[in-house]
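Chemist: Sequences are here, hints too, so could you generate the full structure?
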Amino acid sequence: MLAQEMTAEVVASSGWFLDHAWLIPIIPAVAFVLIIFFGKKLPMKGSELGVLSMLVSLAFAGGAAWQWIQRVNSVVDGAHEAVKEGAHHVAPYVEPVIREWTWWQSGGFHFGIGQHIDGLALTLLVVVAFISSLVQIYSLEYLRGDRRYTHFFAALTLFSAGMLCMVLAPNMVQLILGWEIMGLCSFMLIGHWWEEEANSRAALKAFFTVRVGDMGLLIGTAILFFSANSWTQENLGVSGFNISGLSAWAMSGEASSSALTWGAVALFIACIGKSGQFPLHTWLPDAMAGPTPVSSLLHSSTMVVAGVFLVARVYPVFWEGMKIGDTNINFIVLIGGITIVIAALLAFVQHDIKKVLAYSTVSQLGYMMMGLGAGAWLPAVFHIFTHAFFKACLFLSAGSVSHSGSHHSFDMKKDMGGLAKKMPITATTWIISTLALAGVFPLAGFFSKDEIIDNVGYGGYNAFMIVGLSGAFLTAAYMTRATYLTFFGKARGAAAGEHHDEHDAHADAHDVHDSHDSHATHDAHDSHDAAHGPHESPKLITVPLMILAALALVAGLSNATPFGESWERFKKYVEPSAEYVAIESHMASGPGEAIIVPQQNTTAEGGESKYDEGCAVVAPEAGMACYFPTVKHAPFKWSKAALSLIIVAFGLISSWMFCVQYYTRRNKRLVGLTERSKILRGGYTFLWNKYYLDALYEKVIVRSIAHPIAAAAAWVNQNILDGIVNGVGKVSRRIAGWVYRNIDQRVVDGAVNGSGAAARGTGGALRPVQSGKVNQYGALLFAAAAIGALILVIINT
Amino acid sequence: MLTAQFLLLGAVLFCIGVYGVLARKNAVMVLMSIELILNSVNINLLAFSVRHGSVDGNTFALYIIAIAAAEVGVGLAMVLLIYRNRRTIALDDLSEMKG
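Keeping their order, the protein sequence lines are chains A and B.
Each residue of the first sequence is one higher than the last, beginning at 728 in the working numbering.
Each residue of the second sequence is one higher than the last, beginning at 111 in the working numbering.
Since the hints were derived computationally from the structure, they do not count as laboratory data.
A portion of the hints provided could be inaccurate.
Cβ-to-Cβ under 10 angstroms is the rule here; a few derived chain B residues that face chain A [unchecked claim]:
id	residue
1	V128
2	A133
3	R134
4	M142
5	L146
The calculated DSS-like cross-link candidates involving lysine-lysine, where the alpha carbons are at most 30 angstroms apart (straight line), are [unchecked claim]:
id	chain 1	residue 1	chain 2	residue 2
6	A	K1266	A	K1149
7	B	K135	A	K1500
8	A	K1500	B	K208
9	A	K1367	A	K1299
10	A	K1298	A	K1050
11	A	K1050	A	K1364
Covered stretches of chain A (chain B as the covering partner; in silico rule of three or more C-beta atoms under 8 angstroms from a C-beta of chain B) [as the list claims (entries may be wrong)]:
id	stretch
12	961-975
13	1491-1501
Note that beta-carbon positions come from the ideal geometry of N, C-alpha and C, so glycine has one too.
Modeler: This is the structure in structure tokens:
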């Protein structure tokens, strides 16, 4: 079948950090326990433990990433030496460092726990540990004097541990564990200031909305396990929970397509919940009720990225289950596309700076999902990476503004404006991140977002490329609006030095208003804030901001497609190879030891390789496995990039012009436009009410389900249950009467009296035996024993 | 043949012990008789152990010796207490257990 087959053996290097990557989530988990038990007694109330554990995790993750790069290099070099002739079409397969131990056993089935380290896991590990460290340092200042300071750091640390645990997971069970730890901690963190009802409602909403999706995770895992287990046990010797086992199963061509489809759909529903995709995105903006560092951590690199990560992790399952290779519309790309546009539109009508960012996050997550759904795996993962930096920076900048500039208010229209002069560092970092988010040329967002749009088009999803481009326009426009309202124009409210506390009263029940940040930190700051209006934040806040802004500037260069292949480091180190791997040699290698990687180089006569088609197009033969589908990479063209750059520039400039006219000059033709034009007013109201999705969920779905259930329960309670209880009561009373008269009086009492009389008679008869003489007792004993012995002798003979 | 003599010795000791328990009035003598009975059982066990060529009987004998030691310890302690309270250890005077 193959023209030529060469199997080269290449030894991959490993290292201590790679083998011990499982320590990365353990460290913050231990720190969490220590903070909970000893935090309050420590000089910095436990925060030092949190920061320290994250920094150590970061160091470990960095070490592991370095050794992974070495490993990939060693394999690539080895492959080039081994295969001197013939072009190497597919990147060589680098085995992930998988270690698994038995976590618990049930009915002879072993549930594993351990690590699965490859480029994707390491990217996330480094990003999560890095952002968590900066956010914790930032929180030292931001939450100073908070009443639950220690618990805040404990929850933050456990949260990071949960995310790291999920990212490392070698099987679905550990993934679910990390996923749920995050769900719990997000509830605790969003509701950190639970004294205000709006905050605890937001926390509950986040928790329950995500739970709705989590059902999908459990169901999807179960579907995949039961369909894949026998195949994976037979061929790979691993359970059906194992992630690489699932990937190989999905790509084997032997998997049942309906199981794959339903498993993928169920898992994707979990991603919709967790990653705030339409239509379950509503929890995410409300989650802004938490302290700003929480928003920054949850909505840049951890919680919401978990769904995207899940899709990227078991990508073969989605690839086969959703038929991503075909160019028809599939579930993922559709949801992603819808999310981009609806969230971006919502960002225009927000008054709250953090909500603008929240919708922006939803929209960017839509980009990632759309990319994954269209086969653009690498750009989507790269977008996770760059987005983490600039979005964290934006959130922290917003926090800095409220901390030092607008007196704990997040209302852009009422309490901000003109802050650029008062807070130069915050303004600079914000603007850099805004440009990075919008996708301006040399900044981080350009390289990732543009790649997604480009690859979506290249993958054949033309309609969604247009969605992506319009999303880019909207992003540029709403971010300009937020920037203008916050940092330019005339100072209003607290930004102008006015001191007012009454904004708390404005929190209306429908819309979770962000007056929350005030309470806990209020008292500690009132004295000096009132003294001198807006000012720059202290160093503990600005230094993390500057680090993140610097990364927002340069992070994109780590996979700068326009500059040629040598710049595409992500592609080299992160993207798994779509190589056919011989299972035998794969299994022989122990964890983390030198590994034999077979190289399939099959050069046909005309220099054409059969494996141009590769995995996912041609199913692997017996004894071979695929772990990743062959994805296409769009060749970079400046013409396409120029188009998106022009669109972004147009968005930035037109939005700026509009803002100047509308907010500062109060142009008569623009002001009050929404009151005058019916269409615009309708649109505005529609957006202001968030497409009425919240109303739909709360008033229609929850009520239509919960109300009849409650009514039915009440009716059942009144009529059936009470009837049963009363009936049972009456019947039992009658039975009891009969029992008393007949059984109790006659049988029981008779038995008791009779046995008493019998005992008395026997006692009287036996009385003479009890002489009180010990010798007599002994004689009786021996007589009895002698009689017993006699009987034994008689029986035995 | 040898075994039979051992068994005979055991039986004689047992009978002496039973006689002591039944006939003696002194509590200490009764305890000593009980010891005799126990040791006759030991001899029986050892005799059979030799006959069957197994060590099971020896093991039981060791247990019995240990139990006998404990039993005589408890018994003597009781006798001592009775003597302190009553200034006598004659069993005929101790008939409070009469029903």
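Chemist: Would you mind marking each hint as holding or not holding in the structure?
Modeler: Going through the hints against the structure:
1. V128: holds (6 angstroms)
2. A133: Nearest chain A Cβ about 7 angstroms off; hint holds.
3. R134: For B:R134, the interface hint holds, since the closest Cβ of chain A sits about 8 angstroms away, which is under 10 angstroms.
4. M142: Result: violated, 14 angstroms to nearest chain A Cβ.
5. L146: Since the shortest Cβ distance to chain A is 13 angstroms, the answer is violated.
6. A:K1266 - A:K1149: Holds - the C-alpha atoms of A:K1149 and A:K1266 are around 15 angstroms apart, at most 30 angstroms.
7. B:K135 - A:K1500: holds (10 angstroms)
8. A:K1500 - B:K208: holds (8 angstroms)
9. A:K1367 - A:K1299: The given pair, whose Cα atoms are some 24 angstroms apart, holds under the 30 angstroms limit.
10. A:K1298 - A:K1050: holds (23 angstroms)
11. A:K1050 - A:K1364: Satisfied, since the Cα-Cα distance of roughly 27 angstroms is no more than 30 angstroms.
12. 961-975: As far as the stretch 961-975 of chain A goes, the hint is violated, because 0 residues have Cβ atoms under 8 angstroms from chain B.
13. 1491-1501: With 8 residues in contact (Cβ-Cβ under 8 angstroms with chain B), the coverage given for the stretch 1491-1501 of chain A holds.
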